[in-house]
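Each chain, letter by letter, is given below.
Number of protein chains: 2
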Amino acid sequence: MEKLFASIITIGDELLIGQVVDTNSPWMAQQLNLIGIPVIHRTAVGDNWNDIWESLDAESKKASIILITGGLGPTADDITKPLLCEYFGGKMIMDEPTLKHVTYIFEELLKRPMIERNRKQAEVPDNCTVLKNEKGTAPGMLFKKDGKVFISMPGVPHEMKWLMQHQVLPLLPQLFKTKHIEHRTLMTFGIGESFLAEKIAGIENALPDHIKLAYLPNFGMVRLRLTASGLDKSLLISEIDFHFEKLKNEVVEFLITDQDIPMHQIIAELLIKQNATLSTAESCTGGFIAHQLTSIPGASAYFKGSIVSYANEVKQNILKVSEKTLEEDGAVSEATVTQMARECIKIMHTDYSIAVSGIMGPDGGSIDKPVGMVWVAVASKTEIRSKLFQFRFDRERNIYLTATNALNFLRMLIVDNP
Amino acid sequence: MEKLFASIITIGDELLIGQVVDTNSPWMAQQLNLIGIPVIHRTAVGDNWNDIWESLDAESKKASIILITGGLGPTADDITKPLLCEYFGGKMIMDEPTLKHVTYIFEELLKRPMIERNRKQAEVPDNCTVLKNEKGTAPGMLFKKDGKVFISMPGVPHEMKWLMQHQVLPLLPQLFKTKHIEHRTLMTFGIGESFLAEKIAGIENALPDHIKLAYLPNFGMVRLRLTASGLDKSLLISEIDFHFEKLKNEVVEFLITDQDIPMHQIIAELLIKQNATLSTAESCTGGFIAHQLTSIPGASAYFKGSIVSYANEVKQNILKVSEKTLEEDGAVSEATVTQMARECIKIMHTDYSIAVSGIMGPDGGSIDKPVGMVWVAVASKTEIRSKLFQFRFDRERNIYLTATNALNFLRMLIVDNP
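First to last, the sequence lines map onto chains S and P.
The first sequence begins at 14 in the numbering used here and counts up by one.
The second sequence begins at 14 in the numbering used here and counts up by one.
Hints were generated in silico from the structure; no laboratory data involved.
Quick caveat, the model's predicted, so the values are computed rather than measured.
Errors might be hidden in some of the hints.
A pair holds if it fits inside one copy or across any two, identical chains being indistinguishable in the list.
To be verified - Here are the simulated lysine to aspartate or glutamate pairs, EDC-like style, with alpha carbons at most 16 Å apart: (1) LYS74 / GLU340; (2) LYS212 / GLU129; (3) LYS124 / GLU217; (4) LYS133 / GLU211; (5) LYS124 / GLU396; (6) LYS261 / ASP245; (7) LYS337 / GLU347; (8) LYS158 / ASP222; (9) LYS190 / ASP254; (10) LYS16 / ASP70; (11) LYS133 / ASP245.
Extracted from the complex, chain S is given alone in its bound form (with noise of 0.2 Å):
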């Protein structure tokens, strides 16, 4: 069997002035590889139609599946829909179904006029599979060429994800043999990467040929991921679980996770075993531990809410913080931290509570508190735990590394008290 795999292709001078970071890539990315479809190359283009055009000639001779995305809106700057009808040379068709959609949209959901601009959405190469989208006015386009399979959807996030789930995801296993992949990812906390290398260096070096093993580190926590490609699923699968289980067991000392998930999920489903609540008093994240929290559906089951206390005056009316201790000891102390936590658990009615005070910068550090400077305190109902944290990043990434570590410090507590 050749090698199949499939290449992406971005359009929009916007994905090229940085105005936008593209999140389409790495979904559409996930979605193929789950059907085995690995994704050998992705490129990002310009509105420019000669660019785009060589980015077609290259990316079929990459791959056998090209997925492009955006260029396709209703207005002046779109250029992409007229040249994939030269480049697969075709010609401009009204298509009747598609424009029934358009039509729809526009008089039943946005109940608007709709304008000669919007009728030519519906218009379409007469040598493409039109793929309906129910999201939007810009149709899917599928094009075949010497065996390769082109496949153009508008940029807009969630009209490409209905594209893709509803159209394109079912549609490729019939049009090519997909191989199978499998992916194996734990989490390891408290060793850095090279030494983590050394310590797997055997268990590395006995994988064979077709399980690669990648190393993803991220600050102080490092990700390791298996990846397994073959023919044989089951087979494929007790490969993988094998030199796996060999992976955790020789880091199990610093093992977080042994599922690819981020750090807030990790507390949620420690929670959600437990049957515990959690509420947070933040000062410095501004609420970032609470969206990190609530960004997983169905929070309410173990988040209840969060005293974001930016302002000391918050903090001492609303969490009780002494007057004294601001005073004395600064809202960035263990002191702050403590009473916080304490009184966070109280008021909210939860079974554990995190407190963060510190200095994201990049303005308002001292020589005594420096930028990057954390107290966090965790707290259960019979125990309460205090740390310092030094971060040397960027304001948004001490925020990050803020709520990652304040988490972590609560799953310590979690799993000493099970």
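Using the hints provided, position chain P relative to the given structure of chain S.
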């Protein structure tokens, strides 16, 4: 003058399986544009010798400056450095300044023993210019070939950013004659992309060739961006400002801002101008509005804090929403958010407050209160407004839209009371 372009290559299997979102490339593209170097192409390849090699060939045909990130960590999945060495025909040597720096990092900062893998980080091809990386162990490397410049940097975002800011960006204008690029961006609210396009067709058609207009729609808000490029900076600025003023006047009734900033920053600037303070009472957004506001350095000037009242119990106990309201109207109701906003402004002692309560999905919806239904209230000391929204997306997007629309609802209250 021949057109000068940059191209960005990101290396790493994690990009192709979608495990990480590439935020490096957009940031690099922004920075390059600011110094007049447009990015013509972005590409992502896996940790694969042939694919990396081919991408170097391909990108150097498109651009004069090729920036490469990733593939430089201390572990075994990294092949980029030996590849670059071979590609440019050099041999590996120990770079003494880098070795000294790596040793310093281990002995002085990390206080950990240095192993062979770490030592190897100080090896570089003998035909590159080493760019010192103060933030990590992997140095930047600059190669020249056939008039093109290739610069390799580690993929860790804060290391790459440091190298760009302190080494690469100051260097490029010395190596190439750069064109000047100007962007002007405005944001509209309450008009669809197609209608906007009709409205400004006259202005768009009158634009000279070297000024381009782009539409960047984002759920009810459309950003319009003018991009001009040329050699005479002051002429360029007066030209783009002329067209930008015309554009602003044409869309004035829908104009939110004439800067390229997100909604939470618009609010921050309005509050600073009024010397006013804000607090939030968040149910369904779970602290995301507070997080957005506090992601801006210096947020303490206008933001005091938030009560994230995810559980009804917290709405009742801390925000004093009456039991009767919660029972009769429910948590997602005008009465609830109005009480939340009122109490929030009171206990937080702020000039304004925002309260939100809704159903973000995927579960928890009903016929009366479907997923995406949100009540928002905004309050000043003398006025309170409430509004019902209905979003139709996934959880993440619904949270984002709730935050943006709640902030915009507050914006209208603020601008009506100057």
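- Could you figure out if LYS158 and ASP222 sit no more than 16 Å apart (CA to CA) within one copy, between two copies, both or neither? Close neither inside one copy (33 Å) nor across copies (35 Å); limit 16 Å.
- Task: Up to 16 Å between alpha-carbons, please classify LYS190 paired with ASP254: within, between, both or neither.
- Result: Answer is neither: 24 Å inside a copy and 55 Å across each miss the 16 Å cutoff.
- Query: Using 16 Å as the alpha-carbon threshold, which applies to LYS133 and ASP245: within, between, both, or neither?
  - Reply: neither (47 Å within a copy, 39 Å between copies)
- Go through the copies and call it for LYS124 and GLU396: within, between, both or neither, with a Cα cutoff of 16 Å. For LYS124 and GLU396, neither the intra-copy (58 Å) nor the inter-copy (31 Å) Cα distance is at most 16 Å.
- Using 16 Å as the alpha carbon limit, work out where LYS124 and GLU217 are close: within a copy, between copies, both or neither. Answer is neither; intra-copy 60 Å and inter-copy 27 Å both fail.
- At most 16 Å between C-alpha atoms: does LYS261 with ASP245 qualify within a copy, between copies, both, or neither? neither (24 Å within a copy, 61 Å between copies)
- Query: Given identical chains, is LYS16 near ASP70, meaning Cα to Cα at most 16 Å, within a copy, between copies, both, or neither?
  - Reply: Neither. Shortest intra-copy (19 Å) and inter-copy (23 Å) distances fail the 16 Å Cα cut-off.
- Please work out whether the CA atoms of LYS212 and GLU129 approach to 16 Å or closer within one copy, between two copies, in both situations, or in neither? between (65 Å within a copy, 13 Å between copies)
- Query: With identical chains treated as interchangeable, where does the CA-CA distance between LYS337 and GLU347 reach 16 Å or less: within a copy, between copies, both, or neither?
  - Reply: This pair counts as within: shortest intra-copy Cα distance 13 Å, inter-copy 41 Å.
- Message: Checking an output row: LYS74 and GLU340, CA cutoff 16 Å. Within, between, both or neither?
- Response: neither (68 Å within a copy, 63 Å between copies)
- Message: As a check of your reading, is LYS133 near GLU211 (CA-CA no more than 16 Å) within one copy, between copies, both or neither?
- Response: between (60 Å within a copy, 14 Å between copies)
Checked against the numbered hints listed earlier, the structure breaks hints 1, 3, 5, 6, 8, 9, 10, 11; every other hint is satisfied.
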